[in-house]
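Work the whole structure out from these sequences, hints included.
Protein chains: 2
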Amino acid sequence: MTFEFTLLHTDADSRGRLGRIVTPHGEIATPAFAPVGTQATVKALDPRDLRELGAELILANTYHLYLRPGADVVAEMGGLHRFMGWDGPILTDSGGFQVFSLAENRKFTDEGVLFRSHIDGSQHLFTPELVVRVQEQLGADIIMCLDECAEPHDRAYNEQALARTHAWAGRCRSAQTRTDQALFGIVQGGIFPDLRRQSAGFLVGLDFPGYAIGGLSVGETKEQMYAMLDITMPLLPAAKPRYLMGVGAPEDLLEGVARGVDLFDCVLPTRLARNAALFTRQGRLNIRNLRFERDPGPIEAGCGCYTCRHFSRAYVRHLFKAGEMLASRLATLHNLHFLLQLMRDIRAAIAAGRFSAFRDEFLANYPIIPHEVRVTNREKRRRRNKARATSKGRRGKGD
Amino acid sequence: MTFEFTLLHTDADSRGRLGRIVTPHGEIATPAFAPVGTQATVKALDPRDLRELGAELILANTYHLYLRPGADVVAEMGGLHRFMGWDGPILTDSGGFQVFSLAENRKFTDEGVLFRSHIDGSQHLFTPELVVRVQEQLGADIIMCLDECAEPHDRAYNEQALARTHAWAGRCRSAQTRTDQALFGIVQGGIFPDLRRQSAGFLVGLDFPGYAIGGLSVGETKEQMYAMLDITMPLLPAAKPRYLMGVGAPEDLLEGVARGVDLFDCVLPTRLARNAALFTRQGRLNIRNLRFERDPGPIEAGCGCYTCRHFSRAYVRHLFKAGEMLASRLATLHNLHFLLQLMRDIRAAIAAGRFSAFRDEFLANYPIIPHEVRVTNREKRRRRNKARATSKGRRGKGD
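Those protein sequence lines, which keep their order, are chains A and B. For what it's worth, the numbering used here labels the leading residue of the first sequence as 1, then goes sequentially. For what it's worth, the numbering used here labels the leading residue of the second sequence as 1, then goes sequentially.
Treat the hints as calculated values from the structure; they're not laboratory data. On a predicted model such as this, the values are computed, not experimentally measured, just so you know. Take the hints with a grain of salt, since some may be wrong.
Copies of the same chain are indistinguishable here, so a pair counts whether it falls within one copy or spans any two.
[Unchecked claim] The calculated EDC-like cross-link candidates involving lysine to aspartate or glutamate, where the alpha carbons are at most 20 Å apart (straight line), are: (1) K321 - E76; (2) K380 - D72; (3) K240 - D11; (4) K321 - D72; (5) K321 - E129; (6) K107 - D11.
Right, here's the structure in full:
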């Protein structure tokens, strides 16, 4: 079975689509959200958990796996599916974004990007050819072109990065030797409509089996992100899947679907979970809060996840206060269930012709984190990552 | 259903026994090993994992739960079983050992023990009456008397501590108000045969529904520990279960069973797991070792645990090197399976009349950690715990 996308239904009131992706490791009902397993594990969970959550696609990071344990080790162990015990579809990114956000002393040239590992400071060169080879060694079902993610507001930098991203897209296409992996092109262009149009046009010309939208959710406002989707989506062929990279806030999933996105991935639900921030339809709650000390109820009433079916807020709070690993596990199960259930609800709503009503209703109840708070949080995270990198990555964090 | 012990069979070649304990929350086939859930969670696992591992009894620590989240919180949430989502039998210790090993500025008097919390330095007084009340609030099926654990080689201290332990045992018996919990007395006496005899005799006179042997595996040699069991066991009534506290090394389970022990508990398998030390029938291996980098085999060939059925040594090593939580989870599943399977094998061997042969065969293959190494490791751990306590317990460790 090779890669195949079938568009099943298009929403009458929006650009929302229902589809099905077939891969060598199984099917994915779209629109879909992919949990992120940075280092060949979705943090705190095992593959059985992911199955039970109903995850149909997971993502792993080429940058991380290339550095540790090494793509050759994964290949020798039978490839990523076997290595991590997950027999469903996997997508690997190209590493471009991690070089942008994690690596030190990065230097982009037409040849590729030279950088130092955040783990041990060792120097590496990612070329389009190398990242395709590495992704072929890893063996994911969907793989990505090497791209250069630029600061979204910098016009000159975006022009330059885009030219490189396009040249690299062609080289990635040529470098591909395996026929059982779907290589996606990545549309870039920051917050500049003409660059986004140019990028979509160029990549469509290369006829990829799928298209990603990169360089969003990296500091621009939500309005800017939605505007870029409004511009880009209509230029992509309806018969190919569209993947919005690194986006996972509930409101963005709804807005993305409304604009024609078929795939999403993000560390948000798993990272928030480890920080005790839990999704509910009324917004996030921080379970460390004292008001939950004696709260016998579940994290969210009516939630069907393992955590909510078995444990009280008081218990989950206790686990966080006590520094127990089970805290992260139970919180991660809940947050991923929340997003995967949201995607199931979205798909059902599209199928029933009531997606717009569903979206309005959800958004009416769900408070959105203000732009300034998101920017501040991202900045804090970046500083933390840098500090970790400086201490030579004693710990294996990185999403 | 109240507490009941049935002795089903006694081994012909040893003091080994097969039995069954009935508790309000289910049955326990003995001899049994109880995983430790210090802070109302067996670290890195959830209750479903424990069920699937075949655990029939787990232990939780009164000292830890009294300090955090507080016994009143647990009681208000419906008791420990409901709070932690484990509906099987639970045993709580009295907190005496944690005061001995973790707390600061402890001061024993006839009234009780005054100590400072390792978490926040707050001062507390454990009396026999209080620890019974706290354990009644927690609601375990088996609860323990407050005892004073003394340095095993200090004769004068052991004499004094024993007198107190005996007085407290009587006060605990009198303080009990719930009739659905089995209160065990704890035999102390260090490495002194006459004190052990005196202690067993005194406690048997109080007619407890079960007897624990405390103050072992705290620095004495294995030969000294086995000698104390040889002396104590024949003095305890055959119709009551015997519980060897804090013992969990494979060789000690076999030697304990051979001397008539019915119950064991220990943090060893879970703590070793988090430190990448994994049990095999040929001894422990450290999975971080470079020689496992490309090892496609399971941790132990033939092992039926979830980890060995799904993952390679190479993958588990990668998870440890990358600092992933799943490392601890997979390692804990393996180590607990190893000990619980060992107990199943021991029970089957006793039932089949071939326990001595089984023990000899196991011990012939299993290298035992030398006494000096164990003493050094314990000293390191104690210093680490003290350092943690000094930093006011930001992390919730404590076993």
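Verification of the hints:
| no. | hint | verdict |
| --- | --- | --- |
| 1 | K321 - E76 | between (41 Å within a copy, 18 Å between copies) |
| 2 | K380 - D72 | neither (34 Å within a copy, 38 Å between copies) |
| 3 | K240 - D11 | within (16 Å within a copy, 71 Å between copies) |
| 4 | K321 - D72 | between (40 Å within a copy, 16 Å between copies) |
| 5 | K321 - E129 | neither (47 Å within a copy, 28 Å between copies) |
| 6 | K107 - D11 | neither (44 Å within a copy, 73 Å between copies) |
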